[in-house]
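Can you make the complete structure from the sequences, with help from the hints?
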Amino acid sequence: MNLKTRLFGEVFSFDSVKEVLGKANEEKSGDQLAKTAAESVTERIAAKTVLSNLLLADLRNHPVVPYEEDEVTRVIQDDMNEKIYAEIKNWTAAELREWILDDKIRGSDIKRISRGLSSEMIAAVTKLMSDLDLIYAAKKINITAHCNTTIGREGTLAMRLQPNHPTDDIDGIMPSVMEGFSYGNGDAVLGLNPVNDGVSNVENILKHFDEFKNKWEIPTQISVLAHISTQMKAVKNGAPIDMFFQSIAGSEKGNEAFGVDVELLTEARELALKEGTSAGPNVMYFETGQGSELSSDAHHSADQLTMEARCYGLAKRFEPFLVNTVVGFIGPEYLYDGKQMIRAGLEDHFMGKLSGISMGVDCCYTNHMKTDQNDVEKLAVLLANAGCNYFIGVPVGDDVMLNYQAAGYHDAQAVREVVGLRPIREFEEWLKKMGLMKNGRLTSKAGDPSIFLNSNGVK
Amino acid sequence: MINEKDLTEIVERVIEELEKEESREAVDQAVKREAKSNNDEIVDITDVDLKKQFLVDNPENREAFLKLKESTSARLGVGRAGPRYKTETLLRFRADHAAAMDAVFTDVSDQLIDDMNLFKVKTLCRDKDEYLKRPDLGKKFSDETLAEISNKCEKNPQVQIYAADGLSSTAVEANLKDIFPAIKQGLEGYNIKIGTPFFVQYGRVASMEPIAKCLNAKVCCVLIGERPGLATAESLSCYMAYDAEIGMPESKRNVISNIHADGTPAVEAGAHIADVIKAMLEQKTSGLDLDI
Amino acid sequence: METIISAGIDIGTSTTQIVFSNITLENIASDYTVPQINIIDKEIIYKSDIYITPLLSEDEIDSVGLRGIIEKEYSKADISKSEVSTGAVIITGETARKKNAELISKEMSDLAGDFVVASAGPDLEAIIAAKGAGVDQLSKKENALVINFDIGGGTTNIAVFDSGEIIDTACFDLGGRLIKIDDNKKIHHVSEKLKKLAESLNVELEQGREIAVHELEVLADKMADILTEILFAEVKSDDYIYLITNHDLKKKYNPDYISFSGGVADYIGNQSHQDNYDKYNDLGIILGEKITESPLYKENNIFNAEETIRATVVGAGSHTTNISGSTITYTSDILPLKNIPAVKIDENEINSEAEFKTAVKQKMNWYNLEDGHQAAALALKGKKNYSFAEITSLAEMIIEAEEEIVESDFPLIVILEHDAAKVLGQTLNRILDHKKSIVSLDGIKINDGDYIDIGKPLAGGKVLPVIIKTLIFDN
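Chains as they are written, first to last, in our numbering: chain A, 1 to 459; chain B, 1001 to 1292; chain C, 2001 to 2475.
Since the hints were made in silico from the structure, they are not lab data. Fair warning: there could be bad hints in the mix.
[Stated by the list, open to error] What follows is a list of derived Cβ distance ranges for each label pair:
1) K207/A x S2082/C: 29 to 39 Å
2) E2355/C x D1044/B: 23 to 33 Å
3) L1137/B x E39/A: 15 to 25 Å
4) S1150/B x S2082/C: 50 to 60 Å
5) A279/A x E1041/B: 57 to 67 Å
6) N374/A x D1262/B: 19 to 29 Å
C-beta atoms are modelled at their ideal positions from N, C-alpha and C, and glycine is treated no differently.
Set out below in structure tokens:
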């Protein structure tokens, strides 16, 4: 294993695989805060060069958090297919990159190899890819999952309808739900981030969502994104839940900060399969985001991209219906500006797909980042071209509870039309039945939320 | 038998009711016409109350949706131009984002600091960029700065109150002049003494720990600008702790957030904060242990 | 979370009932903001039997009999007076016109609990019954215009809700017990108004005469016609105007739904009932059937009331208590305060400090105590976001305008709609040197001339319960 190279004659040497991984990252403020970033652009390229020569076996054998110390590492390593791994363990990271990009290699080939990859290998190949590489490679891979409907089919783009409200006032949440559906959002999931994590609050919102879904016969999934233990209590009380949500991190310590571990997630999935209201078999929903481990001092001196890859390695065990990175939510100390946000969005999406999970992206930013809505729109178009399963949609891009901006309800249709995509099939049928969509275009009725106020449901 | 006078009154009332509904729209339209005809005056788009705006063409139930909209500040019923936003919606969004960014990236004016008789100190951050990228530096002061604080302030106060820009200078500008006297009035009503107030530039919440230690304050309280949303850039938070010390867990702090004109008004928040501080001094604790 | 018990007692023309409800209060705000205590749940935990209202004579309520009923039901429910935090006694329908009604209502409220208030008036009764029937919730949920007809023994109380807000009320002397017959079908008692109505119908109603079913049907038909006029007649008939108790609706409405509550409601639209028309020895069942046949029933969307005969008592027990804002200032040892008249000033219509003072003084003068002092609460709309300077001048203005109250033993009571009561109270305290009892509340909307009751603090002292005895539609 060679951790040294020369660039323009200057020698760059690194102490560990972890250091190489960190320094090979594209520039991110979070890596600078964690002191894992390259000191100069040249050093970054030197690290990429060293990384490109590392064998996949070197990457497997040097996880950024040791196997003995960390259950996330154990999940990732234990779940690898050893036969497939044996076939590729002597590939360099560069070879893996070129194999993925090879025109003879199809998505199904990649999905097979994916079973022999560890998260560190996935992180490594991502660091060697340009933005267009990430789009091109991700486009090859289709990952579908089924809860009540099937997400991820080729040619579709779904939306999570996120009708958040600053006080969880159901009277203020429902008009947002109506507006979202009237624009063809909500085929991925109708999902609310609650302010109040109390069980009775969560049950109440779920009840209203379930009523609305049934009244209008909407083929979709519902979720209230409280802590997973709150949702489990709600289900035990009889609340209708199609899937369980939880934020996860790429290390055991990071998950501890979220109040979860592998055992709890396993128990939750079993409960969802047994007591949930959906058809399944994919009944879990995870959110992640570069930098969350550092924010809870659980990054083990590893870079934020590698930690993010590990989230997907963990998620994969639970066969989720949805996983999305909330790419610009955590602030400028992790992703400083629009450029870093767009890069991270493309990286996360590709890594999710290469990990074999149904991947979506919350293209978003906070007001203390140097970026604006144009960057969100750019990232959305890029990701739609890369075959992203879903985005998050909020009214006019403005989330009035989380105080950040994401894609807007309107963006769903504009991106679908520009890129030539459709909503999830069953959902499009419903939009047609409601007179909101015809031939993949919005009708004159679309965008009028008040259509949901006039009658007592589907006639 | 109903007499003519009563009947006339009833008719008049009915007409009045009808007129009220129609006149609202009529006034709106008149305002728009006026704006259009008068070329040198364009309406301030940020004056529009978004809760009362409904831009959907030919909606099925305008009134009922407007009624629902009263319960949320989300941008709903905005209509569309093809699958995109109407120009007014787009520009309003950009205007609100501009206000939010300005709140973050501008500084609290010296005028305000002078008007309130405060003095100004800085954390270890050199500028806004460093402040945003290095949360750790926004909690620390140089020895010189701590000496300055120590020299200019009354020592061992029951309550030390100071302001910090945090992530919104606009929030400090909008609220400090109202919230500070309200807290002071409340505390003085309880016979509680407060120390010398000042202002911290590039300050994070945890700047309270070194300040509390330096001045030996029982309760330390920082009024700090919140990360702005699009609905308001003016939201202020008040963080408080009893016997704050470096390294203490976040759960030792109490916070009152969402202080602004459309949230909790600054004066009312100040009155409530006085009660919270009083409870801290009585119970000699703060955070999760505080019973309020 | 805190659960309190609320009692509702309805002493009506024909029946008397009691319910107990659990009202649950919870701080719905996050830990990171100022508290906001709301009523999050109301649950009826006990419903009494339905008693015939005990009367000593046709114009006097039997106080002893009533007391017996209440004491018996409290003991059956295993609830003591001291456990009851709030609630209302309401004397309704014709009973409210008995000569000892006011005295009885006060007596019974004292018997029922420290803060169970006495209330009356046909408008309030209409609102309470409609809320008990669930009409306000339906109207709010569906953004609909809903009219409730609470048809009792002596009166029909009508309440109109639009999008959850009460917009109109009316009351008619129409009900199932305007005529009472005995077991031999002989007329026992007839109300004066029915007597007059019967004249034009050629039905003779002298006491002791045996009355035939078809004659009762003629009367009931007429009553159903009059109720139908409420929604359908362009010009009202003389009989209609004659039967108005205090006032008609302000205009003709086109409701999305109508609903029926009160005892008669059980026989409206209920084809399958097995009761003989003479089960109650009155007109109620026949009236219900005639309404069912009328356009009022047939040509409207009917909402099935959540409560029928119990609507008023449930409304009184569960829907009369309001909760103040959660940041307020008050002197606790003066609570509860009962029957305080409120003077409402719309300060937005006032241009100067002097004008404000004059307006306050003038209105306060209406409520002079015997010794010449004033005893009323000042209700202001308030402003959404006062500056500290504005609050200070508001407090100074109030103190000057209410100098007589300041100098009296009566507390200084200010009630705002917008959230500013805590800082206003602290400012009043500062200016008055903490020497005057004050109550400064917000989050409560009061109209000029309303009477209010303010109870003892709840939720660890954060809020005060307030009962508003609305008289909005009486001019």
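Evaluated hints:
1. K207/A x S2082/C: 29 to 39 Å: Given about 36 Å between the Cβ atoms, the range holds.
2. E2355/C x D1044/B: 23 to 33 Å: Given a distance of about 31 Å, which is inside 23 to 33 Å, the answer is holds.
3. L1137/B x E39/A: 15 to 25 Å: Roughly 19 Å apart at Cβ, these two residues keep to the hinted range, so it holds.
4. S1150/B x S2082/C: 50 to 60 Å: holds (57 Å)
5. A279/A x E1041/B: 57 to 67 Å: holds (59 Å)
6. N374/A x D1262/B: 19 to 29 Å: Given range 19 to 29 Å: holds, Cβ gap about 28 Å.
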